[in-house]
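Student: For reference, the chains in residue letters:
Protein chains: 2
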Amino acid sequence: MSEIDNFDIKILNELQDNSRQTSEVIAEKVGLSPAATQRRIKKLREDGTIKKEVAILCPKSLGGRTTLIVQVVFSCGGEATIETFKQQMASVPEVQQCYYVTGQTDFVLIMTVKDMKDFDRITREYLFSNPSIGRFETIVAIDTFKEGFKIPLEVA
Amino acid sequence: MSEIDNFDIKILNELQDNSRQTSEVIAEKVGLSPAATQRRIKKLREDGTIKKEVAILCPKSLGGRTTLIVQVVFSCGGEATIETFKQQMASVPEVQQCYYVTGQTDFVLIMTVKDMKDFDRITREYLFSNPSIGRFETIVAIDTFKEGFKIPLEVA
DNA sequence: ATTGAAAGATGACCGCA
DNA sequence: TGCGGTCATCTTTCAAT
Numbered sequence: 001m002s003e004i005d006n007f008d009i010k011i012l013n014e015l016q017d018n019s020r021q022t023s024e025v026i027a028e029k030v031g032l033s034p035a036a037t038q039r040r041i042k043k044l045r046e047d048g049t050i051k052k053e054v055a056i057l058c059p060k061s062l063g064g065r066t067t068l069i070v071q072v073v074f075s076c077g078g079e080a081t082i083e084t085f086k087q088q089m090a091s092v093p094e095v096q097q098c099y100y101v102t103g104q105t106d107f108v109l110i111m112t113v114k115d116m117k118d119f120d121r122i123t124r125e126y127l128f129s130n131p132s133i134g135r136f137e138t139i140v141a142i143d144t145f146k147e148g149f150k151i152p153l154e155v156a
Numbered sequence: 001m002s003e004i005d006n007f008d009i010k011i012l013n014e015l016q017d018n019s020r021q022t023s024e025v026i027a028e029k030v031g032l033s034p035a036a037t038q039r040r041i042k043k044l045r046e047d048g049t050i051k052k053e054v055a056i057l058c059p060k061s062l063g064g065r066t067t068l069i070v071q072v073v074f075s076c077g078g079e080a081t082i083e084t085f086k087q088q089m090a091s092v093p094e095v096q097q098c099y100y101v102t103g104q105t106d107f108v109l110i111m112t113v114k115d116m117k118d119f120d121r122i123t124r125e126y127l128f129s130n131p132s133i134g135r136f137e138t139i140v141a142i143d144t145f146k147e148g149f150k151i152p153l154e155v156a
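Each protein sequence line maps, in turn, to chains A and B.
For what it's worth, UniProt numbering labels the leading residue of the first sequence as 1, then goes sequentially.
For what it's worth, UniProt numbering labels the leading residue of the second sequence as 1, then goes sequentially.
These are calculated hints, taken from the structure and not from any lab test.
These numbers come from a predicted model, not from an experiment.
Check each hint, because a few of them may be wrong.
A pair counts as met if it fits within one copy or between any two copies, since identical chains are not told apart.
Below 25 Å or equal to it, Euclidean Cα-Cα: the simulated PhoX-like pairs (lysine-lysine) are [as the list claims (entries may be wrong)]:
hint, residue 1, residue 2
1, K114, K60
2, K52, K29
3, K52, K10
4, K52, K146
5, K42, K86
6, K43, K117
7, K117, K60
8, K10, K43
9, K86, K51
10, K10, K114
11, K86, K117
12, K29, K117
13, K86, K52
14, K150, K60
15, K51, K150
16, K86, K150
17, K10, K86
Can you build the whole structure from these sequences, using the hints too?
Tutor: Here it is, written out as structure tokens:
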């Protein structure tokens, strides 16, 4: 697995912004030929540096959704309990992100729900019903911006 | 702007998983002809339902990064202060997500930093230097999973 | 829905360091 | 030998029927 150089960095930054750009356009921006650019992109995809390419939708166009931030505190339970919870969260589509964290809180969840009934169902099914969970606090997002996972890469 | 039907929903769900699929493949999955599928995708892009298409990178391949969750509490300041802060956060590449929330906390930030020095710089520049900010608490993520903004869409 | 033209991606080959 | 450039071919997209 060869090292990532400045050309790769520039290409990755472009693709993080817009993965639909043609290699010709990207080539122009990074200063390489289209074919060389294409070769690098292919390699980055194959070695997993580019994990996936996805469409980001507009929540407003889809009936609007509410984003919630939930902090979960476990009162008991060991490794296995945590592992089970992780797997559960991974399977719930409304759970967008799940962070296992240090401090008083054990997990921070970012959820997007259709409505509060939706939220109620999830809490019942996965939080209240779990005896290892001591308590959880929910924060409602009024506004969300900068949705993304763009990693800031700097050329050396 | 016409309504989104079940075909659109299925197409969007596919594109949220993998935006590189050809319309032929998607057509097969949703039960439409490739051309009809293409026409719908084009429309969904044009009317903004598909906001953008981006590459998701693998942090591990890029030297590893630390994810932090920061809760910011403002002690004073009105509308203008909040607006300025929002704009600042939007401009900081390390701030992945920014939520304006209800409750004791005013903002929740999700950041990804190279190292703690990186984090230190950001807090100094944007948090400590802002007199309207009363305090902030930082939570370190040990593990993160389910990175994504996939909206769970259900066929009617 | 089918088809044909244009655009883009992929692979082979050459040359240079 | 590895990497970039060019060219030819195949795939995919897009518009017109």
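Student: Each hint: holds or not?
Tutor: Going down the list of hints, with the structure as the test:
no.: 1; hint: K114 - K60; in the structure: within (11 Å within a copy, 33 Å between copies)
no.: 2; hint: K52 - K29; in the structure: both (22 Å within a copy, 19 Å between copies)
no.: 3; hint: K52 - K10; in the structure: both (17 Å within a copy, 19 Å between copies)
no.: 4; hint: K52 - K146; in the structure: both (19 Å within a copy, 13 Å between copies)
no.: 5; hint: K42 - K86; in the structure: neither (32 Å within a copy, 37 Å between copies)
no.: 6; hint: K43 - K117; in the structure: neither (45 Å within a copy, 32 Å between copies)
no.: 7; hint: K117 - K60; in the structure: within (19 Å within a copy, 37 Å between copies)
no.: 8; hint: K10 - K43; in the structure: within (15 Å within a copy, 30 Å between copies)
no.: 9; hint: K86 - K51; in the structure: within (20 Å within a copy, 29 Å between copies)
no.: 10; hint: K10 - K114; in the structure: between (37 Å within a copy, 17 Å between copies)
no.: 11; hint: K86 - K117; in the structure: within (23 Å within a copy, 30 Å between copies)
no.: 12; hint: K29 - K117; in the structure: neither (48 Å within a copy, 31 Å between copies)
no.: 13; hint: K86 - K52; in the structure: within (21 Å within a copy, 29 Å between copies)
no.: 14; hint: K150 - K60; in the structure: both (22 Å within a copy, 14 Å between copies)
no.: 15; hint: K51 - K150; in the structure: both (12 Å within a copy, 15 Å between copies)
no.: 16; hint: K86 - K150; in the structure: both (24 Å within a copy, 18 Å between copies)
no.: 17; hint: K10 - K86; in the structure: neither (34 Å within a copy, 27 Å between copies)
When each numbered hint is compared with the structure, violations occur for hints 5, 6, 12, 17.
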